[in-house]
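Please build the complex by placing chain V on the supplied structure of chain A, with the hints as guidance.
Those protein sequence lines, which keep their order, are chains A and V.
In terms of our numbering, the first sequence is residues 1 to 270.
In terms of our numbering, the second sequence is residues 271 to 744.
Derived from the structure by calculation, the hints contain no laboratory data.
Among the hints, erroneous ones may be present.
What the hints assert, rightly or not - Calculated lysine-lysine pairs in the DSBU-like style (CA-CA distance at most 30 Å, straight line):
id, chain 1, residue 1, chain 2, residue 2
1, V, Lys372, A, Lys41
2, V, Lys700, A, Lys124
3, V, Lys700, A, Lys41
4, A, Lys123, V, Lys390
5, V, Lys315, A, Lys41
6, V, Lys311, V, Lys521
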Amino acid sequence: MNSEAVYTEHHIVLFLVGAICLFFGFFLFFLAGTFIKRRNKLRIQRKSEAYQKSADDILFNLLFESITMEEALLRYKKLDRTPLLKRTITRSIISLHRNYVGEQRALLEQFFELSNLTSFSYKKLKSGQWAEIVEGIRVLSVLNIQESFETIRVLLDHSNSYVKKEAFIGLIALRGISEEIPLPEIVIDDWTQSCILYQLKIKSFQSFEGLHLFLQSKNDSLVVLGARIIESFQLHENYQYIVNMNPQLSAKHWESLRIIQQRITKILEV
Amino acid sequence: MTSISWIETGVSIFNYLILLFAVSVMVSYLVLAFISASALKSYLKENRFVNYKALLTLNDAPSVSLIAPAYNEGRTIRENVHSLLSINYNNYNVIVVNDGSKDNSMEVLTKEFSLVPSDKNYQAAIPTKNVRGIYVSSNPSFAKLIVVDKENGGKADALNVGINISENPYIVCIDVDCIMDKDVLLKLSKPFLEKSEKRIIATGGVVRIANSCVVKAGKLISVKAPDNMLARIQVLEYLRAFILGRMAWAKMDGLLLISGAFGMFDREIALACGGYNTKTVGEDMELVVRMRRYMIERNEAHTVQFIPDPLCWTEAPEDYKILIKQRSRWTRGTYETLYLHRKICLNPKYKILGLLSYPYWAIYEFWAPLIEFTGLLITILFVTLGILNWKFFLLLLLFVYIFSVLFSMMALYAEETTFKRYNTFKDLRKLVIAAFLEPFVFHPVVVYAALKGNWQKLKGQGGWGEMTRKGFVK
Numbered sequence: 001m002n003s004e005a006v007y008t009e010h011h012i013v014l015f016l017v018g019a020i021c022l023f024f025g026f027f028l029f030f031l032a033g034t035f036i037k038r039r040n041k042l043r044i045q046r047k048s049e050a051y052q053k054s055a056d057d058i059l060f061n062l063l064f065e066s067i068t069m070e071e072a073l074l075r076y077k078k079l080d081r082t083p084l085l086k087r088t089i090t091r092s093i094i095s096l097h098r099n100y101v102g103e104q105r106a107l108l109e110q111f112f113e114l115s116n117l118t119s120f121s122y123k124k125l126k127s128g129q130w131a132e133i134v135e136g137i138r139v140l141s142v143l144n145i146q147e148s149f150e151t152i153r154v155l156l157d158h159s160n161s162y163v164k165k166e167a168f169i170g171l172i173a174l175r176g177i178s179e180e181i182p183l184p185e186i187v188i189d190d191w192t193q194s195c196i197l198y199q200l201k202i203k204s205f206q207s208f209e210g211l212h213l214f215l216q217s218k219n220d221s222l223v224v225l226g227a228r229i230i231e232s233f234q235l236h237e238n239y240q241y242i243v244n245m246n247p248q249l250s251a252k253h254w255e256s257l258r259i260i261q262q263r264i265t266k267i268l269e270v
Numbered sequence: 271m272t273s274i275s276w277i278e279t280g281v282s283i284f285n286y287l288i289l290l291f292a293v294s295v296m297v298s299y300l301v302l303a304f305i306s307a308s309a310l311k312s313y314l315k316e317n318r319f320v321n322y323k324a325l326l327t328l329n330d331a332p333s334v335s336l337i338a339p340a341y342n343e344g345r346t347i348r349e350n351v352h353s354l355l356s357i358n359y360n361n362y363n364v365i366v367v368n369d370g371s372k373d374n375s376m377e378v379l380t381k382e383f384s385l386v387p388s389d390k391n392y393q394a395a396i397p398t399k400n401v402r403g404i405y406v407s408s409n410p411s412f413a414k415l416i417v418v419d420k421e422n423g424g425k426a427d428a429l430n431v432g433i434n435i436s437e438n439p440y441i442v443c444i445d446v447d448c449i450m451d452k453d454v455l456l457k458l459s460k461p462f463l464e465k466s467e468k469r470i471i472a473t474g475g476v477v478r479i480a481n482s483c484v485v486k487a488g489k490l491i492s493v494k495a496p497d498n499m500l501a502r503i504q505v506l507e508y509l510r511a512f513i514l515g516r517m518a519w520a521k522m523d524g525l526l527l528i529s530g531a532f533g534m535f536d537r538e539i540a541l542a543c544g545g546y547n548t549k550t551v552g553e554d555m556e557l558v559v560r561m562r563r564y565m566i567e568r569n570e571a572h573t574v575q576f577i578p579d580p581l582c583w584t585e586a587p588e589d590y591k592i593l594i595k596q597r598s599r600w601t602r603g604t605y606e607t608l609y610l611h612r613k614i615c616l617n618p619k620y621k622i623l624g625l626l627s628y629p630y631w632a633i634y635e636f637w638a639p640l641i642e643f644t645g646l647l648i649t650i651l652f653v654t655l656g657i658l659n660w661k662f663f664l665l666l667l668l669f670v671y672i673f674s675v676l677f678s679m680m681a682l683y684a685e686e687t688t689f690k691r692y693n694t695f696k697d698l699r700k701l702v703i704a705a706f707l708e709p710f711v712f713h714p715v716v717v718y719a720a721l722k723g724n725w726q727k728l729k730g731q732g733g734w735g736e737m738t739r740k741g742f743v744k
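For reference, chain A alone in the conformation it holds in the complex:
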């Protein structure tokens, strides 16, 4: 073997040995990473379970009037109020809020506000990460914190489209289809529309005073949303208006409106 070949082989051997060491190092890194993540996950799970117990104890006793609001707040204040506890208890409140109505739902909202858990969510609205802002909007609007309306309204002008959409859903969750809500210019896709319909249903809004603004909007997606609200909430007095509508819409939105018109026409015929 000539010296050049020996030199090349030496380099390849060095490359292989180096790569093997590097791969093994990365293997150890990912193994340790996985191990640590799993350990943390299990630790958080255990803590969450304990917090969940405390949360259930406070919230169920409050809901079924075994304890007063003052006592519930006192019990909450005695807990170690870590971010994990706040997250756990907020999740519990939202979950119960979804399943209860009337006085019990109002009690949950009151507890959320008086326990100062709202400040935890308000902080998220100021976060630099859009996902945190979305979470903040979601919690405050679902739990009906009316004071957050103005703060959320400002977020309609946020640069991120997810935040804009969530702000619009949040404002509707707080006030229903109201004239106070500024209409966004972005396209409200079908997924966001389903979230809006869901909020309207779960909050049992009875008044739809701002609906005409949707139907007359230059934003095609809002016209379709208006028609969907009329159909979903069986607002019979608007049926004829929907059937007779012939706005200039994009092909996709026109197709959606046409399908709704067909369904409403069928109902009117019956």
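Okay, now just chain V, sitting in the frame of chain A:
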């Protein structure tokens, strides 16, 4: 040049070629893994707070038909169909196609779901084997169910019957024995409802291994790493393929394959393309490639989406005999699809599909086992002739081995960072051990199965072969 130096040069060239191939495989895997990681991060961020139940309020949610072909599934079909009927979604129906089962599948279905003949006429927009009857339930609780009894024609033929029967714009083709997440249709439908400039012609999902997992009433109760070593290694294989591979191809809009166990398709385009090809055993991949070609050749903007959530759980082969059958079938399917669509290879008209996806599949999925086998034969020859460079050979072997273990570990890390479905340290230990053993007890078998698949193709052998399943832990 002397004969000795000729031999030395030949050995060196062989060494470099093998090294080059190994490095190219590794680089491609790592690039795909990084793209996947970035796509996964965005996906999880965007869907962190999604309340999928909201979709249940929308009348205009996409209407979907779940098509489940069944062949000799009598033992488990009752539970599986109940599970499909309890999925959270409004606008869907379930079409079970009994593909001429030899067991009591039809009797079980008729009795359990009070089936009566339907007055629905069968119109074969896609030609299929003879349909013996179409049945619906007389019990209103099962109003979503349609059962079709037909002559045996294979899975692709049964799926085509389902496509013909369906009246919904979207079809979800599944294996009847898979365990589905209850929110599967809500999650699959979401991309169709979001603003998209392109027509989504198909959506694929992640398939995970359910061996040793606890299943109750068709629902996955607890996820565990399989006790069986072969199944355990397949957990790693599926994690690598789905989490670190397909997510990247979807991000680059270059997906060529949606798993046959679970995929959603635009029925109009599937029909326009003539449905599943009954002449190939790789009908899942073939349909996706054909649908994409159809759209590109008509200059219609389209995309194929991928949902990384673990939505479908399946049983993996636990013995070598069945594994070899399955893998040789996959090789034949890959070969058939690549051969049928050879026109797109390196053809700029097909953009990323022709320039990247197709060549990648051809080299790293189809040719790789053949290249590996050739390398092995030459190595044996070198050993026999006493000219093998042992130092280089052993280092190369170790290099490839350590990378294989590292890549499996990366898949486990990605799982732990994202979906976190395995919960105990015991599972982690079992899977890490599997990563170390895979190159010895699994990879050679897969290469053998691929070679067997090619040999069968050369001999003109076709068909699926029987796949016996053990059933889930209940």
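Against the structure, the hints come out as follows:
1. V:Lys372 to A:Lys41: With Cα atoms ~48 Å apart, Lys372 of chain V and Lys41 of chain A exceed 30 Å; violated.
2. V:Lys700 to A:Lys124: Between Lys700 of chain V and Lys124 of chain A the Cα gap is close to 40 Å, so the pair fails against 30 Å, i.e. violated.
3. V:Lys700 to A:Lys41: With Cα atoms ~19 Å apart, Lys700 of chain V and Lys41 of chain A stay inside 30 Å; holds.
4. A:Lys123 to V:Lys390: Given pair Lys123 of chain A, Lys390 of chain V is violated - Cα atoms ~59 Å apart, limit 30 Å.
5. V:Lys315 to A:Lys41: holds (18 Å)
6. V:Lys311 to V:Lys521: holds (12 Å)
Hint check: violations occur at hints 1, 2, 4; the rest are consistent with the structure.
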